[in-house]
Amino acid sequence: MNEFTCMTTAVAFALTLGGTPTIASAAEPAVKGPESVEDWYMQGQRFIRQSERQEVNNRRARNVILFVGDGMGISTLTAARILEGQLNGKSGEENRLSFESFPNLALAKTYSWDQQTSDSAPTMTAIITGYKAREGMLSVDHLTARGECDATVIAQHTLPTLLEQAALAGKSTGVVSTARLTHATPAATYAHTPVRDWESDSDLNAFFAARVATCRANGVTLVKDIARQLIEVSPAVKASLKVAMGGGRSYFLPKTANDPEYGARGRRSDGRDLTAEWLATRGANAAYVWNRESFAAIDPAQTDYLLGLFENSHMQYEADRASDKAGEPSLTEMTEKAIRMLDRNRQGYFLHVEGGRIDHAHHAGNARRALIDTIELARAVRKAYEMTDPQETLIVVTADHSHTFTIAGYPHRGNDILGLVASVPANDGEAPTKDKAADGQPYTTLGYQNGPGAVGGSPKAISRSTNLSSIDTTALDFLQQAAVPLGSETHAGEDVATYASGPKSHLVRGSMEQHWIYHVMKEAFGF
Amino acid sequence: MNAKYVLLLALGMGAMLSQAHETPATPKALAARYTLNSHKLKTDWYLWRDTDRIETATLASGQNVIWERQGPHSFRQRVVFADEGRIVDYSPGEIRTRHAEPDWSQLGSVISPKLLGALRRGASRLQFGQQSTHYSGHVQGQEIALWWLNDSQLPAQLAIRGRGRAFTLRLREIHAVSPVAWPRTSEEKLADYTLIDAADFGDMESDPFVARLLAREGHPHAH
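Chains as they are written, first to last, in this note's numbering: chain Z, 2 to 528; chain S, 196 to 418.
Misleading hints may appear alongside valid ones.
[Claimed, not checked] Computed footprint of chain S on chain Z, listed as stretches where at least three residues anywhere in the stretch have a Cβ under 8 Å from a Cβ of chain S: (1) 149 to 160; (2) 200 to 213; (3) 265 to 274; (4) 330 to 342.
Hints in this document: simulated from the structure, not taken from any laboratory.
By construction, the Cβ of each residue, glycine as well, lies at the ideal position given by its N, Cα and C atoms.
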């Protein structure tokens, strides 16, 4: 599968008369990279020359594009980089995801006001508002009470988001995700709520229901559900939010409506069809699309407002997208169309793009789907970079949090990243063999600290007594082994990487608090 | 408890199930009511079979399981927890990721063709107005006795003993159209429940319902 040579010639040692072992003829290493000795030095020198040419761009950004890989921790980036390289027939390790060539990089600390290891709600709130917040809350400050349902109280705790500030500045705005548009990460850009699960009005009766019942009994105005907040945004955001694409169709449709793709009912109890309201309130050139065909038919030059809802819930994993019933666009295709729409505004735009399903695949303990979605996010970043001028567009690529995903053992260069660990042979000329753990069984390079891949975590977990040599660990559905049995693999608390290119991107540096990312983007816009 | 998984446990058929991913034609539509007896469980168990939709209900748990076939190798499952007003939705991608793709034949007939083929064919007799055949044998250390309705492709009686377990399933009623009083779900009814995408479990661990479900995820009957 790669350009590496696996030599199987025997090692030939010869004994001299004196009994001292010497190598009679040097055997070729079975595993070797493509580089010459000089290449390492030249690479380093090229890096220095490029770095010396790097200029600080202190201009104001016309545009800011914020990419978030949900759950895209550093181990995910490394493994995705290797997988992408190996899928291209290379060893993989030397590969770079598109944004890994960006000039500026920082580590971001992801704790929230009340969590050591955070969920997506406070982390995206930090990134998009500049304030760390509470578990499960979207773009409200950390003084907000859990389950607070009084809209007046929430208004007092609301934190303005960069999307809202861009709207006030006359820029166009957009949100794109492969998760539901009402899911925590995209929702934090436009919604303000103490409960991330209040995605439709029906959800107010299901989550913190007792608090909501009390609010109702007291006659207070309830916080709007997230889907409704997307439609009933402020006048400035309403004018600026040109494009919103992702999943979550059922949250916008009433219970009386049948879904066009699956026939199932919508989720809204209030009888409102928010997709129709989008069309009714956004002018003659507004559009609503729900499948690949209608998406493809959209002319960005002729469409002023575009709402795309391609699944009832989350969009498909990239690995499964081709088999979707109605067809749906890729993250790259959505990003491209969004930029074409937003770029019509001379004052520029703010666009948020989320690779939302990396997180879900990790929760399921399924590395391959997580990595393929990460590679797709990198493609979307490449497309955005190619479509924009780095002198005027700040692109930030980061993650909200990490996962307990590990790259283990001492696999040799070019070893299949989804395969079993085989280390560099002890003697040149010997072929690599699978490494064995203390239980005598081989093990995969990729694994999780916890999750469904541990026996007791799910019925499909593979016990350590099973010889993995008889199993295709590279298969799409393979669940990596894990240590601690949990029905759902968890987030992890280590820092995440933040990459940046464009105006003010040099401010992304060193060890950062996650909420400082907002300040870099705001500074770039000059607000 | 989901009686289908009681069956799987009793038969030790996990490996067989995971290998049987064909998408065969579904036998004719019907509705059936069984009495299910297992170790501590005695309950009515229902099966509704349509071309691309198979639903079961276990009266004791108030839990319905709906399988829908959306295309070749594309299945959706909804587990309905009526008492808690919740539905857990497993999308086709989630089903694949969880290795939970069903053997459609077994879903609709309780017994898979593979298992039926492993049993010894015996006498015949009329039951429920149709010809039935007796099958018996030992599979994976368990003794199986089955009366099989040839036309309906369903067990009339099934008894499994072994490995310290005893399990019986006895057909009580079978209809071409479901009686109205039977606990079948409808899309109208389901619309009143809170739907949870199983992909969101990882973000909902503080929700009491999801926490309880996750604690059971390691057990085969959880979904």
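Cross-check of the supplied hints:
1. 149 to 160: violated (count 0)
2. 200 to 213: n = 5 at 8 Å, threshold three: holds.
3. 265 to 274: holds (count 4)
4. 330 to 342: Answer violated; 0 residues pass the 8 Å Cβ test.
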